Each structure stands twice: as C-alpha cells, then as structure tokens.
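*Asks:* Please arrange chain B on chain A, whose structure you already have, making use of the hints.
Listed below are the residues making up each chain.
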Amino acid sequence: MNPLVSIEGLSVALPPGGDRRFAIRDVNLQIGASEIVCIVGESGSGKSVTAQALMGLLPPGLEPLGGRVLFDGRDIMHQGAAAWQRMRGRDIAMIFQDPMAALNPVMAVGHQIAEQIRAHRPVGGRAALAEAAGLMAQMGLDGSLVTAYPHQLSGGQRQRVMIAMALSLSPRLLIADEPTTALDVTTQAQILALIRKVQAERRMSVLFISHDFGVVSDIADRVAVMRLGEMVEAGPARDVLDRPSHAYTQSLIAAVPRLSGSPAPLAPQKPLLAVTGLSKHYRHGGLLSRRSTRALEGVSLSLQRGETLGIVGESGSGKSTLARCVVRLVEADAGEVLFDGADLRRLKDRPLRDARKRVQMVFQDPFSSLNPRHTVGEIVTAGPRAHGQPRAAVLTRAVEMLKLVGLGEAALPRYPHEFSGGQRQRIGLARALMLAPDVLIADEPVSALDVTVQAQVLDLLDKVRRQMNLAMLFITHDMRVAARICHRVMVMRQGRVVEEGATAALFGAPKSDYTRQLLAAIPGRARLEA
Amino acid sequence: MKAVLLPFLARFLARPQSLIGLCVFIAIVAVALAAPLLFPKGPFAIVGMPLLAPGTNGLPAGSDVLGRDMLVGLAYGARVSLLVGISSTCCAVGAGVLLGAVAGYYGGVVDDVLMRVTEFFQIIPAFVLLMVLVAFVQPSLASTVIGIALITWPQVARVVRGEFLALRTREFVEAARLVGESDMSIIFRQILPNALPPIVVIGSMMVGSAILTESALSFLGLGDPDLMSWGSMIGASRSAMWVAWWTTVLPGVAIMVTVLALNFIGDGLNEALSPRRRQ
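Top to bottom, those sequences are chains A and B. Per this note's numbering, the very first residue in the first sequence carries number 1; after that it's consecutive. Per this note's numbering, the very first residue in the second sequence carries number 531; after that it's consecutive.
Simulated from the structure, these hints should not be mistaken for lab results.
Not everything, but these chain A residues come out facing chain B in the computed CB check (under 10 Å):
hint, residue
1, Leu329
2, Asp365
3, Glu378
Because the structure is a prediction, the values reported are computed rather than measured. Using N, Cα and C, we set each Cβ at its ideal position, and we do this for glycine too.
Just chain A, same shape as in the assembly:
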C-alpha cells in the first residue's frame, strides 16, 4: 500500500552565515495511512522545519533545495499558494505547542471552530456552530464552553479546542508540533490519550513532533530520530526504543531520567533552614474587590546541610511562590523562615543583605535570567562587588567558579547571547556560588533544556552540592528529574503540601491519591521503567 505522505531526499537550506548550511538534509520519511509517526530530536535538530515543509509553511529565508514531498502520490512541494491554501485544514491540519497564541483572544472558541468549517465548506452559520459544538463534545469539552473565550479556558482545554478545530474538516494528516510540552503531566496524559483515540476512530495519520522519549513511547507507531538536520535512525517504535542502533539514539534514551535509583535520605541533623506555616495570598482587583488567590497555605519544610529537598508540583501548585517567599523576593503573609537561627522574614536592611548572601538562587529561564547587556564577568561579579569585596579577590573567585561549572576564564568578557541554554544555566549557577552560599534554591533549573544537557546540568548541581556541602531546595514539575537528584521530596498541590518523604519510598509507595495520579501520568513510564 502506498504511504499517505512520502518525503524523499528533502533538503532545506539555511540562510548564509548560520552555524550550518542546511536546516534539514536529505530527509526521507514515510507516513502510512492511520499511522502515528514521531519525529524526536533536541532543539535545532530540524524536526519542526520538516513539519513546516510538509505544511508549505517554511519561514522566510528557508528555501527547499531538493527532494520531493508526495501527498497521496502527488508532489505538493512546488504547488502554488492557492493550492496550499485549499490543502491546509482540509487535507493537513496542525496543532501547536502554544494554543493561546494560535487562538483569537476576542472570539468565542466555538465560533472560531465554526469559522474554519465555513471557510472550506458551504454550510450555514447555525449548522457550523452546531457541528463545532458536536466536535467539542467529542473532545470531552463541556457544552457551556462553546461560547467561552480562550483566556477562560485552561491550557488543556485550549489544546482540546485546537484539536477540535484541526479535526473539523476531517483531515487525513494531523501534524502535532510538541502539543503537550507546555502542559502539566496529568493534562499531558489526557491529551495524548485523546489524540490516540481520535486517530484510531478516524483512521487518520499523525505526524507527532516531540523532544520527550517518554511521550514518544506512549504514542508512536514508528519513530524517526533527527540530529543537526539529519535523520539518524527510523523504524518501528519498539525497535528504536528498545534496541536503538545508532549511538545518538542510545545516548538520548540513556539521558531520560528514571524514577528509580534516587539517592538515599541522609541521617537527620539539625536543620539549616526551617520553614513553618508559610502562607501567601495574592489579592487582585481594585480597592473594592476582596478576591484573592491562595498561593501558599501553611507550608512547612526543613532542610539540612548537604541535602537536596525536591518540591514537586504542577503549575499553580505554589512551588515557585514558596521559593520566592523563602528568599523574600515575594513577601509572605504569615509564617516563619528560620535560617541558621534567625527569622528571615523579620530581618531588614543590613542583616537581611548578609543573610540573603547565604541563600542564593538559580532561575528557570536561561534567557531572561542573565542581563543581555552585561558581560559574563560583570554578571558573576556583581554580587561580591555589591558587598564591597576587593576587586582582585572577586576576579580570582569568578575564574574559579566558572571553571567549577565547566566554563573557563575565556567566558568573562563575552555576552550571554554567545552561549547556549545549558551554558547560560551554568553561568547562572556560577553567579549564585560566587557569594559562597549555604543554601541553593534551584527553581526549575533544567526545564528549558534538552534532555542530554539536562542530565549534564543535574550532575553538575549534584557535584556542586557535594563539594560545597550545600543544602539545596530543588523545584521541579518533572518527577523523573526530582528522582534523579533529591534525597527527599515534597509534593505540592494548590498551595498545600500533599505529602513528603524519602524520594525512593515516596515514589515507590505513594500514600496520597494525587501523588499516585502524578506518577501514573509520567509519559512512557511502562516502557522506560521496564
């Protein structure tokens, strides 16, 4: 049987002056009827460019150089704009990582689906809306949401709307570009199940793009692995995942963190940091409004020297607010933060500055956490200089810390944009270590990184923790990451602590239903833990 899509020897050139000549090079890929094919790769591997070429949506500056793209036996790469317009939506539909950006914020979602239907088929407004409502019901969305606006929906609901819109014209191919990357793990599991279900019902083909081997193993019939614009390995999912033949695929799969093998808890000592009853409510609206959102409610924790405590939770669980309340970037409403005997919440001015020096933080976003207008040297030395330490000593320590995080002295005069995401996180870590802290708070430090880089940064954090005998508060949404480096784990939900315990014990035998749900939703668990 002929495949629905056949990409043959496709190459796309990058504009001159880039770090390589081709965005993708000599890519061959077949997508059969009613088959889910996954393209896996790290950032810059060319997986999205492949999808864009298939959709006729290559960004300006990227030119197809050679090869063919056959859809149902017809070469579509060289067709005109009008032909593409007819094909998109009707034959090939697409869903994206960020549904908020793809939806019109001032139009009810049901009407947006109806609009798409009417753009391709001669149906009346009412009939189209009824059809839209039917589709939304199939996606598990409540009937009342037909007239809701995108901002009133949760991330998972928005992605369901996008899928309903994509399916409204019964396309034969659905391209899903990282559709669950921005979602919480439990929502991700639901959306993956939904995609599988509609694919099976409609006997549709799906091209699924992901960086996450867990997700891939949950959904793929066949897998293609891309690296630096080239396809290194392709085959049935079971073969590629269980018996990867290419060294790169093997290293990618090995880098996926496992739930098992977490460090054993330390013998209890006097805690260095003890938080009791921390609460924070965000008030919004004007003077007359009394509405507020609970971010933290009576959270307590303790942390000793040399220990890593993981704070795990989905978005809105309050884990980032907790970190910011501890260091007083956000002021809590109530509670106590005892650090080395003193309540951080009562300190002011000079004593606060001195105490804060010993509690440092590594941030999530490798792009916004470094000032783009300062050199690495200025960035890492700013803290000690603010504390009036002598220049020469500061510079010596800066070189020492940059070496510790795996960068050299050569980094000093360079600007952040000259570094990759992983290197930037290392610079952020060096900045935090410059003041010789006792406590390091890491707020999702690896969630923006590719899986291989993620593993390296996690190992580095663990090494630094051991070398400097740091107490580390490690905040993450990813339980696989937490399992890799945390001695103890605390699960949070809606501002409260759900449960807490030694990592291996908690993940091995969770006491609460919520933790069980979270663990069950980890993508690819069955295959990767086996």
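*Replies:* Relative to chain A, chain B alone:
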C-alpha cells in the same frame, strides 16, 4: 561594546532616510558651530537696504525688513534652534527617566503618586502652559529651555515606566536583588541599559518637536530678544510676507529641513534598535 555597535551602525545606515537625515543634521550642526567664525559681525548688523531679493547686492539670501543679512540670520538661528532643541530634550529625558524609573521600579503608592503628577502635566494644554511660564519669568534662552522640558518630560516618564514595569519582573533583576545589589544599582546598571532603545528613539524625535515649539514661541515674540532665531525671523517679517517671500519662507524651510532630518534619524534608530529587526 564594539561588537554591539558595528552591526547596529550597519543596520542604521542601511536605510537611505537615516543616512540623509544624519548627513543633513551634521551639516546643520557644522553651520551652527561655524556661524561666529563665518559672520563675525553678528546677525543684527544692518548690511544694506531692507527687503533685497536673494542674489542682489552680494546677499545670497537677501535682506529682511530692517536690512539685515538673511543668510547670517539663518546661520545664527541654527545655533538657537539646536541649543534649545538639544538642551531641553536632555532636561526632559533626564527628569522623565528618573521619575519613570522610580515609578516603574517601585510600583504601588510611589507609582500612583508619580503617575498622577505626570497626568497633571499632560491634561493642561501644553503650549498655553509654556506661554504663561515664559511670559511670567523673563523670556530668555534658559526660560525657553526649562519651559519646553517641563511640558515634554511626561511622555518620557510614561515610556520609561512602561519599560521598567516589564523589565523589573525579569529573572536577572530578581537575581540582582538576591546577590545584594542596591536599588540604585539595579535601576541604573541592570534595568536602564535594557530600556535605552525606546528612550533614544523618543529623545531624537523630541529634539525636532522642541525646535518647532521654540520657533512658535519666538514667532509670538516670547523668545530671547537678544538672540536671532528662525521663529523670530518669521515673526518679525510676517508683515512683509506678501512683498518679500524669502523673509518667511527661508527660515520656514530651515525649520522644516531640520525637523525632518531629526525624524528620519529617529525612525532609523527605531528600526535599528527594535529587536524584531535584529533577527
């Protein structure tokens, strides 16, 4: 810094308008600087009969209603226009950046109070306020500069506040607070450099509008009486507009060309500094 500056210059000069604007502006600055050397007798010296047409009696731009050399007046007028334009903009940008930065960085009550003050200046008809101010104290170069700065700083303050509101939540600002940098250091060393592009653009545009405002004041006779400015030249010659066109048209063209050049520069800076174009 060199690595940042060179591509920026290349982007800026890639637009023909920016290049033209820059060349014209440099020429005007050169004329203004050279005026006392070229015409040591000054713009008020009477050189011949009134209302001589351009090209007669060796006067390339003719003479005005009192028989003064128009060319000398234009050259000296450039000094006043540029001086007022640049110094009032510097004052306005200085005040606007300071107040906008404080309002945006601290937020809350500080922001509320400062923004109400800003609005107070924005709801009063600006030119009327300026006329009252200048007429109340002696019309002089200093009162003109301060008056113009007083009516233009709020727009800078609003832009700077907006930038600071957006930038203060960035993680590098949180990191700076954590490592113990002072508020002043965070405002001026961390945030301000990132807020510079819109300030530079708005500043270059403001020089042009300040020149226009100065001309309007001088036209109404509220400029410094001891200085020859383009606006006062037009004002003094308006009775002769119908018999001697050059007395009003030439200074008018000078104003127009200068403001246009500044706006070209402003547009060019905007294009070159906007992150979207940098890709």
